[in-house]
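J.: Sequence:
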Amino acid sequence: MAEEAQALGLALGLGTESSPGTTLVEDSVTRAGASRRRRSPRLERARRQAMSVLFDELGALLPDLPHRACKADIVDGAIAYVRALEDTAAELEAHRAMSAGRSRRARHGGGAAEVVVAGETSCFAVRLRAARPGALTRVLQVFQRHRVPVLATTVSRNGGEAAVTVTTAVVAPAVAGKIEADIISSNA
Numbered sequence: 001m002a003e004e005a006q007a008l009g010l011a012l013g014l015g016t017e018s019s020p021g022t023t024l025v026e027d028s029v030t031r032a033g034a035s036r037r038r039r040s041p042r043l044e045r046a047r048r049q050a051m052s053v054l055f056d057e058l059g060a061l062l063p064d065l066p067h068r069a070c071k072a073d074i075v076d077g078a079i080a081y082v083r084a085l086e087d088t089a090a091e092l093e094a095h096r097a098m099s100a101g102r103s104r105r106a107r108h109g110g111g112a113a114e115v116v117v118a119g120e121t122s123c124f125a126v127r128l129r130a131a132r133p134g135a136l137t138r139v140l141q142v143f144q145r146h147r148v149p150v151l152a153t154t155v156s157r158n159g160g161e162a163a164v165t166v167t168t169a170v171v172a173p174a175v176a177g178k179i180e181a182d183i184i185s186s187n188a
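Going by our numbering, the first residue of the sequence shown is number 1, and it counts up by one from there.
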């Protein structure tokens with residue numbers, strides 16, 4: 001039994017040598033297994049005080065936590081706060097990616113074209129840089145090249161961009177994809 005406990009202690013790295021910051025394990029093995037060397041009361045008190053200071057600092061960093069909270073509440077609050085920060089970071093990353101995409105489209109002059117088919121009509125929505133002359137003409141020429149009759153066109157301007165909505169008769173999905181690609185490439 002003692003040999004098994006000693007072998008288990010050696011297999012788990014519980015020998016007499018230790019790395020800094022770990023406790024030493026005695027060579028002698030009792031019937032209950034490996035026993036740890038007792039720390040001096042002074043070292044244990046210093047360790048507890050250091051842990052208490054660290055928990056106090058962590059508690060002070062957490063909003064909405066009472067001044068004197070138990071350690072479990074501090075840990076739970078820290079976990080909840082980290083999750084909230086991760087969610088906020090994800091939202092900000094998504095916002096930054098959308099802003100970067102918007103500014104990149106504005107610099108390069110093209111925008112995404114969206115196609116919506118409802119009932120007997122198809123609707124193409126395109127964002128264009130308003131500063132480029134002839135952009136609307138190029139959009140309408142795409143429909144002419146694909147021989148798709150245009151029923152209505154709406155143009156609205158907001159700042160440096162123009163939003164063009166073109167309503168047509170129902171268009172097959174393959175043709176709608178080609179029109180969308182042509183609109184994007186002609187205004188890039």
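One or more of the hints may lead you astray.
Unchecked claim - The following label-pair restraints were derived from C-beta to C-beta distances:
id: 1; residue 1: 62; residue 2: 90; range: 17 to 27 angstroms
id: 2; residue 1: 177; residue 2: 62; range: 46 to 56 angstroms
id: 3; residue 1: 69; residue 2: 177; range: 55 to 65 angstroms
id: 4; residue 1: 173; residue 2: 151; range: 17 to 27 angstroms
id: 5; residue 1: 92; residue 2: 61; range: 18 to 28 angstroms
id: 6; residue 1: 144; residue 2: 174; range: 17 to 27 angstroms
id: 7; residue 1: 153; residue 2: 178; range: 36 to 46 angstroms
id: 8; residue 1: 141; residue 2: 95; range: 28 to 38 angstroms
id: 9; residue 1: 69; residue 2: 43; range: 47 to 57 angstroms
id: 10; residue 1: 95; residue 2: 50; range: 37 to 47 angstroms
id: 11; residue 1: 125; residue 2: 57; range: 50 to 60 angstroms
id: 12; residue 1: 63; residue 2: 38; range: 56 to 66 angstroms
id: 13; residue 1: 63; residue 2: 141; range: 23 to 33 angstroms
Stated by the list, open to error - Below 25 angstroms or equal to it, Euclidean Cα-Cα: the simulated SDA-like pairs (lysine to any residue) are:
id: 14; residue 1: 71; residue 2: 42
id: 15; residue 1: 71; residue 2: 93
id: 16; residue 1: 178; residue 2: 148
id: 17; residue 1: 71; residue 2: 48
id: 18; residue 1: 71; residue 2: 39
id: 19; residue 1: 71; residue 2: 56
id: 20; residue 1: 71; residue 2: 84
id: 21; residue 1: 178; residue 2: 150
id: 22; residue 1: 178; residue 2: 129
Simulated from the structure, these hints should not be mistaken for laboratory data.
Beta carbons: idealized from backbone N, C-alpha and C, even for Gly.
J.: Each hint needs a verdict: does it hold in this structure or not?
T.: Each hint, compared with the structure:
no.	hint	verdict
1	62 / 90: 17 to 27 angstroms	holds, 20 angstroms
2	177 / 62: 46 to 56 angstroms	holds, 52 angstroms
3	69 / 177: 55 to 65 angstroms	holds, 58 angstroms
4	173 / 151: 17 to 27 angstroms	holds, 19 angstroms
5	92 / 61: 18 to 28 angstroms	holds, 20 angstroms
6	144 / 174: 17 to 27 angstroms	holds, 18 angstroms
7	153 / 178: 36 to 46 angstroms	violated, 19 angstroms
8	141 / 95: 28 to 38 angstroms	holds, 35 angstroms
9	69 / 43: 47 to 57 angstroms	violated, 27 angstroms
10	95 / 50: 37 to 47 angstroms	holds, 40 angstroms
11	125 / 57: 50 to 60 angstroms	holds, 53 angstroms
12	63 / 38: 56 to 66 angstroms	violated, 40 angstroms
13	63 / 141: 23 to 33 angstroms	violated, 58 angstroms
14	71 / 42	holds, 22 angstroms
15	71 / 93	violated, 33 angstroms
16	178 / 148	holds, 12 angstroms
17	71 / 48	holds, 13 angstroms
18	71 / 39	holds, 23 angstroms
19	71 / 56	holds, 9 angstroms
20	71 / 84	holds, 20 angstroms
21	178 / 150	holds, 16 angstroms
22	178 / 129	holds, 21 angstroms
In this structure, the earlier hints numbered 7, 9, 12, 13, 15 are contradicted, and the remaining ones agree with it.
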